[in-house]
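Under the numbering used here, the first residue of the sequence shown is numbered 1, with each subsequent residue one higher.
Be aware that one or more of the hints could be misleading.
[Said to hold, decoys possible] For each label pair, taking beta carbons as the anchor points, the in silico distance ranges come out as: (1) 81 <-> 109: 28 to 38 Å; (2) 197 <-> 153: 17 to 27 Å; (3) 187 <-> 27: 18 to 28 Å; (4) 49 <-> 205: 40 to 50 Å; (5) 68 <-> 187: 38 to 48 Å; (6) 207 <-> 30: 44 to 54 Å; (7) 201 <-> 173: 17 to 27 Å; (8) 35 <-> 89: 45 to 55 Å.
[Unchecked claim] Straight-line distance between alpha carbons at most 25 Å, and here's what the computed BS3-like set of lysine-lysine pairs gives: (9) 8 <-> 142; (10) 11 <-> 54; (11) 44 <-> 10; (12) 87 <-> 157; (13) 149 <-> 65; (14) 30 <-> 3; (15) 11 <-> 87; (16) 3 <-> 26; (17) 54 <-> 8; (18) 149 <-> 87; (19) 30 <-> 107; (20) 65 <-> 87; (21) 26 <-> 44; (22) 26 <-> 107; (23) 26 <-> 54; (24) 65 <-> 44; (25) 142 <-> 11; (26) 30 <-> 87; (27) 8 <-> 87; (28) 26 <-> 11; (29) 87 <-> 107; (30) 54 <-> 44; (31) 10 <-> 87.
Since the hints were derived computationally from the structure, they do not count as laboratory data. Glycine included, every Cβ here is placed at the ideal spot set by N, Cα and C.
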Amino acid sequence: MGKAYQNKLKKRAALLDSAYELFSTKGIAKTTIREIADNAGVAKGTFYLYYTDKSDILDALVSAKATSLLQSACVSMEEYVGCNPEKVSVPGKFIYIMDYIFDFVAKDPFYVSIVSKFASWVTLTKTRSSVGPEPDVSDAVKIEESIRKLLEADNVKIRDLNLLLFNLLGMIRAFTYDIIAHEQPMPLEEFRPHLHHLIELLVNDAIIEE
1 MGKAYQNKLK KRAALLDSAY ELFSTKGIAK TTIREIADNA GVAKGTFYLY
51 YTDKSDILDA LVSAKATSLL QSACVSMEEY VGCNPEKVSV PGKFIYIMDY
101 IFDFVAKDPF YVSIVSKFAS WVTLTKTRSS VGPEPDVSDA VKIEESIRKL
151 LEADNVKIRD LNLLLFNLLG MIRAFTYDII AHEQPMPLEE FRPHLHHLIE
201 LLVNDAIIEE
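Using the sequences and the hints given, assemble the complete structure.
Following this line, the structure appears as structure tokens:
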């Protein structure tokens, strides 16, 4: 990996970190592209080398945060399974991942106020321009690959993994805003058993019986 490529990665990461800080403290509408660039320590023109406008960097930010959170959830789930003497079912693994995500989101106002409104399968499936030699891969593809690895250990096949992930993401968006932000129709802890039941139904219906 060359030095020029490393610098590009650092600048892009700095812009994302800057946007996260400003969006979560000032709000999207009150944040300007110049502020994002200045806060990242780069020229305003550099911003446009990586993103077309404020909406584009918001999509990239939400997508990156969603992918990172899911990957962390998968790692935590694998550690949990490794320490659990009893076999964890496939629906149980998805339930653990969803619990991890909801618990994390509940502690971060950014996810509640912004990500829950803007994160979507459309955002995740958008292929972004690569800054280096790696091929362009959407975050949805990265997420699917993580989940497929999760399923390989159980030798389980899913009828339509893309559709299952679409449904689970829709649950995260809807329930984050209503249940976590407004505790409607009930707080998260009261709703959790219903959430587990819904996940179990979705996953079991998606599993191909052999």
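Structure-based check of each hint:
no., hint, result
1, 81 <-> 109: 28 to 38 Å, "holds (31 Å)"
2, 197 <-> 153: 17 to 27 Å, "holds (24 Å)"
3, 187 <-> 27: 18 to 28 Å, "holds (26 Å)"
4, 49 <-> 205: 40 to 50 Å, "holds (45 Å)"
5, 68 <-> 187: 38 to 48 Å, "violated (26 Å)"
6, 207 <-> 30: 44 to 54 Å, "holds (46 Å)"
7, 201 <-> 173: 17 to 27 Å, "holds (18 Å)"
8, 35 <-> 89: 45 to 55 Å, "holds (48 Å)"
9, 8 <-> 142, "holds (21 Å)"
10, 11 <-> 54, "holds (16 Å)"
11, 44 <-> 10, "holds (16 Å)"
12, 87 <-> 157, "holds (18 Å)"
13, 149 <-> 65, "holds (20 Å)"
14, 30 <-> 3, "violated (35 Å)"
15, 11 <-> 87, "violated (44 Å)"
16, 3 <-> 26, "violated (34 Å)"
17, 54 <-> 8, "holds (19 Å)"
18, 149 <-> 87, "holds (17 Å)"
19, 30 <-> 107, "holds (24 Å)"
20, 65 <-> 87, "violated (30 Å)"
21, 26 <-> 44, "holds (19 Å)"
22, 26 <-> 107, "holds (19 Å)"
23, 26 <-> 54, "holds (14 Å)"
24, 65 <-> 44, "holds (23 Å)"
25, 142 <-> 11, "holds (22 Å)"
26, 30 <-> 87, "violated (50 Å)"
27, 8 <-> 87, "violated (44 Å)"
28, 26 <-> 11, "holds (22 Å)"
29, 87 <-> 107, "violated (30 Å)"
30, 54 <-> 44, "holds (12 Å)"
31, 10 <-> 87, "violated (42 Å)"
Violated hints for the displayed structure, listed by number in ascending order: 5, 14, 15, 16, 20, 26, 27, 29, 31.
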